[in-house]
Amino acid sequence: SQQGEEDPQALSIQEGENATMNCSYKTSINNLQWYRQNSGRGLVHLILIRSNEREKHSGRLRVTLDTSKKSSSLLITASRAADTASYFCATDAAAGNKLTFGGGTRVLVKP
Amino acid sequence: DAGVTQSPTHLIKTRGQHVTLRCSPISGHKSVSWYQQVLGQGPQFIFQYYEKEERGRGNFPDRFSARQFPNYSSELNVNALLLGDSALYLCASSLGRSLYNEQFFGPGTRLTVL
Chain A
1 SQQGEEDPQA
11 LSIQEGENAT
21 MNCSYKTSIN
31 NLQWYRQNSG
41 RGLVHLILIR
51 SNEREKHSGR
61 LRVTLDTSKK
71 SSSLLITASR
81 AADTASYFCA
91 TDAAAGNKLT
101 FGGGTRVLVK
111 P
Chain B
1 DAGVTQSPTH
11 LIKTRGQHVT
21 LRCSPISGHK
31 SVSWYQQVLG
41 QGPQFIFQYY
51 EKEERGRGNF
61 PDRFSARQFP
71 NYSSELNVNA
81 LLLGDSALYL
91 CASSLGRSLY
101 NEQFFGPGTR
111 LTVL
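Going down the list, the sequences are from chains A and B. Counting along the first sequence from 1, when you hit position 13 you're at 13 in the working numbering, and nothing is skipped either side. Counting along the second sequence from 1, when you hit position 25 you're at 25 in the working numbering, and nothing is skipped either side.
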């Protein structure tokens, strides 16, 4: 079973628009990470947010974490065609050494 | 520096056969993890090895096994293949023991079971 669930499952936007996707999880975590995957190949790490952080920025990416609601959001600002990919959240449970991925959000950025 | 490498890139097997997948981590990385990604889903954690010892295991049957060698490369073995084992198998490496460090993924091995 997958701890994290992304919403929406798919997103289609125009270049230049912002893309927002959400991740919900079930158990207490140490950290939450976001990864990008292009065309079913290897994943690329985007950003990590620790359980004691509420917001983090990296370039055009903004991640928020609400541990009381067990949810996180990823915002991509001023999207580009190259941002077309699947985005996954991954959590490491506070108990046990295991990294759990959500089902992903497929983002299509139209030029 | 080379990234994580995996071999083979693609593999076709028939039900009941055995398969071995290989992974070479980034130089200096001592942790290797394996994931199974079925089409349209997120990766599912199979194993983590650190310093040649198993440090984590996901909910996979005993048909799945792995090991890590003294040079930190790793093999994933799957016995008695089933159709449902068809997936992209991803390997990731990281510096530290914990999985909450950034994971560096290889391109994957696509396994098709007929």
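In short, the hints are calculated from the structure, not lab data. Keep in mind that a hint or two might mislead.
What the hints assert, rightly or not - Straight-line alpha carbon distances no greater than 25 Å define the calculated SDA-like cross-link-like pairs of lysine to any residue that follow: (1) B:Lys-30 to A:Lys-70; (2) A:Lys-98 to B:Ile-12; (3) A:Lys-98 to B:Lys-52; (4) A:Lys-98 to B:Asn-71; (5) A:Lys-70 to A:Arg-80; (6) A:Lys-98 to B:Gly-16; (7) A:Lys-98 to B:Lys-13; (8) B:Lys-52 to B:Gly-16.
For clarity, every value in this text was computed on a predicted model and none was experimentally measured.
Results of checking the hints against the structure:
In summary, the hint linking B:Lys-30 to A:Lys-70 is not supported, as the alpha carbons are separated by about 31 Å, beyond the 25 Å threshold. Proposed proximity of A:Lys-98 and B:Ile-12 is contradicted: the alpha carbons are some 29 Å apart, above 25 Å. This hinted pair checks out: A:Lys-98 and B:Lys-52 have alpha carbons roughly 17 Å apart, not beyond 25 Å. For the hint pairing A:Lys-98 with B:Asn-71, the CA-to-CA distance comes to about 23 Å; that is within 25 Å, so the pair holds.
Pair hint A:Lys-70 plus A:Arg-80 does not hold up; C-alpha atoms about 29 Å apart against a cutoff of 25 Å. The straight-line distance between the Cα atoms of A:Lys-98 and B:Gly-16 is roughly 29 Å, outside the 25 Å bound, and the hint therefore fails. For the hint linking A:Lys-98 to B:Lys-13, the alpha-carbon distance of about 29 Å lies beyond 25 Å, and the restraint is violated. Among the hinted pairs, B:Lys-52 with B:Gly-16 is inconsistent with the structure: their alpha-carbon atoms are about 28 Å apart, more than 25 Å.
Violation of the numbered hints given earlier is confined to hints 1, 2, 5, 6, 7, 8; the remaining hints are satisfied by the structure.
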